[in-house]
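Make the full structure from the sequences, and use the hints.
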Amino acid sequence: MFSQSAKSHAFFWYSGLSCALLLLAGFSLGIGRYPVPLGTVFDILSGYVFPGPHHWTDVESMVVLQLRLPRVLAAVIVGMALAMAGATLQGVFRNPLVDSHIIGITGGASFGGVLALFLGLPVAGVVTGSFGAGMLATVIVFTLSRAGGFGSLMALVLSGLIVGAFFSALVSLIVFLSDPDMQLPGIVYWLMGSFARVDYPKLIMLAVPTFVAGLLLYRMRWRINILSLGDSDAAALGVNVVRTRWTMLALVSLMVGAQVSVSGGIGWIGLVVPHLARMLTGPDHKTLLPTSALLGGVFTLVVDNLARTLTQQELPVGLLSALIGTPVFAYLYWRRQSGWHGGGTP
Amino acid sequence: MTQTLAVELESIGHFYHPGDWVLRDISAHVNKGDIFAILGPNGRGKTTLINILLDVIAPCEGRVKITGRVGFVPQLFMPTFPYRVFDMVLMGRAPHVGVLSSPGQRDKKITLKALDMLDLGHWADRPFLELSGGERQMVMLARAIASEGEVLILDEPASALDMRNQQILFEMISQLSHEHGLTVLFTTHQPQHALTVANTAMLLMNRDTSPIIGPVDEVMTEETMSRLYGVGLRQVRTEHDGQVLTGFLPVPPEKRSIVRENG
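Those protein sequence lines, which keep their order, are chains A and B.
Just so you know, the numbering used here puts 105 at position 105 of the first sequence, and the rest follows in order with no gaps.
So the mapping is simple: the numbering used here equals the position in the second sequence, first residue as 1, plus 1000.
Calculated from the structure, these hints are not laboratory results.
The beta carbon of each residue, even a glycine, is placed where N, CA and C say it ideally should be.
Just to be clear, a hint being listed does not mean it is correct.
[To be verified] Selected chain B positions facing chain A (in silico; Cβ < 7 Å):
hint, residue
1, Leu1054
2, Val1056
3, Ala1058
4, Phe1072
5, Leu1076
6, Pro1079
7, Thr1080
8, Phe1081
9, Pro1082
10, Tyr1083
11, Asp1087
12, Met1091
13, Ala1094
14, Ser1102
In structure tokens, the structure reads:
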């Protein structure tokens, strides 16, 4: 039956991308300024789970477990979160050119982080400030959109743009006021996005909200199809459009807020990856969300590997994701001029 | 025999700009199993009334009571993403699927059955956006059938259909009403559609006049239909296999007005 072939087609890509992600993660743990052979990486990881005699050095163990493992896991989780957030928002807003910037969350979270850096707060302050301001931005968008017609998609988009622009202006103000020698380099580097300073406490800060929100979004993924039909049609199908939309936006905000707080501003992943995923398994959000998540993990891990190996000095991930994302997006645009529809299941 | 009410409209009124009433004092009762046609010229509020029935917009005045679940067939439909026909019809199962769930095997079986009812099974794997306007309307009807609603609402269901598909559509509507007890409400610009399948019609006259509601044979006369559309209409009758077929034809405009229009 045709639905069986669609299912096996999706399963093929889930399996392929999962294997690619695992292999790439293992490879990523070995590469860097201090290379560790892949076999040793595997031994260190298995030795951590099943302790016994080992042949690796303490330095190798420390590099793999303390420096690279949290970083690799963070890159995978961030990629998954941003890609799922992008796929969700594109469906909810019925617009394939949307990502988390549109609901103001990225601008708000960036402001919180930059303010904490400006005030000289410790890392925990940056994480908390960025996460809190991201959620505050969502609440302001929510309140503003009520004034402009609560159920209206246009009111929501405009509120998001207004709030995003306001927080961007505040970020610029802090950048302008910050000490060019003591504060500015740190702020600019953080704004460009990086996994360099990710440790286990930050990883937990990232993983817990992402897991909770991601799981709920994954369970709601078929509802995104319904919302993508338009408000009238979704309402006619018995869906409470406003409540469902806001639930999804709140979950996206939670994931993006957690991401920005830990790794700063990383753009283009939420925009580009869902398009690539649509080409693999089609537009149905039931398969699009898991495919986007896996592909987002692979994409971000590749970008992070390049960021820390291309040059002597580590490049910001946000910079590289934009450098890679824009030509990929241009290629997709050129390929799909007749519409941003992606491929279908065979 | 007492009949069960499926849809009740009580003094419905709606405006988009204060004072500029699109609908005013619309009251109607639709019995279970009825086929109810809504006719009116452009801009008279047919789509607004549909949106009120679907609970997409709340009326400024009055109230609507619908007994049972509603299935809907929109007039024009252009989704952003190229879902397959099967996926489009499957979405009709939304009222039966929990918020945190996805459709199961039973939903998929009902979807395939709805497609087969309209002889659309072979389209199941085709992208919806590759279909013509008429084909899309048939798929949307399959979606409404898959939703297993007790009340079926259709907005201009035959506007993009050729004669054959119009016949299939109206046979299906008739079958759903007579065999499955569904209540059907539809809007149309074609009096013929109402005469073919409906037993009750609502004529949305001008905004200051209450609508005319009643059995199609009684309310759809030359006089009312001419007033409704603001053009002269003549009723024609013919017979086929002992069955009376009726329709309305516009009276040709006077010669001098044509000459004036042509300069």
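Okay, the hints, checked on the actual structure:
A least Cβ separation of about 5 Å between Leu1054(B) and chain A falls short of the 7 Å threshold, and the interface hint therefore holds. Taking 7 Å as the C-beta contact cut-off toward chain A, the hint placing Val1056(B) at the interface holds, the least distance being around 5 Å. Interface hint status for Ala1058(B): violated, as the beta-carbon distance to the closest one in chain A is roughly 11 Å, over 7 Å. With its C-beta approaching chain A no nearer than about 4 Å, Phe1072(B) sits inside the 7 Å limit, and its interface hint holds.
With its C-beta approaching chain A no nearer than about 11 Å, Leu1076(B) sits outside the 7 Å limit, and its interface hint is violated. Checking Pro1079(B) against chain A by beta carbon gives a least distance of about 6 Å; that is within 7 Å, so the hint holds. Checking Thr1080(B) against chain A: minimum C-beta separation of about 4 Å stays under 7 Å; hint holds. At about 4 Å, the closest approach between the beta carbon of Phe1081(B) and any beta carbon in chain A falls short of 7 Å, and the interface hint on this residue holds.
Taking 7 Å as the C-beta cut-off, the interface hint given for Pro1082(B) holds, the closest approach to chain A being about 4 Å. With a cut of 7 Å, the hint placing Tyr1083(B) at the interface with chain A holds, because the nearest CB-to-CB distance is about 6 Å. Restraint check, Asp1087(B) versus chain A: the minimum CB separation of about 5 Å is within 7 Å; hint holds. Satisfaction of the interface hint for Met1091(B) is found here, the shortest Cβ-Cβ separation to chain A being roughly 6 Å, below the 7 Å cut-off.
A distance limit of 7 Å between C-beta atoms decides the matter here; for Ala1094(B) the minimum to chain A is near 4 Å, and the interface restraint holds. Hint status for Ser1102(B): holds, given a least beta-carbon distance of 4 Å to chain A, under 7 Å.
Violated hints, listed in ascending order, are 3 and 5; each of the other numbered hints is respected by the structure.
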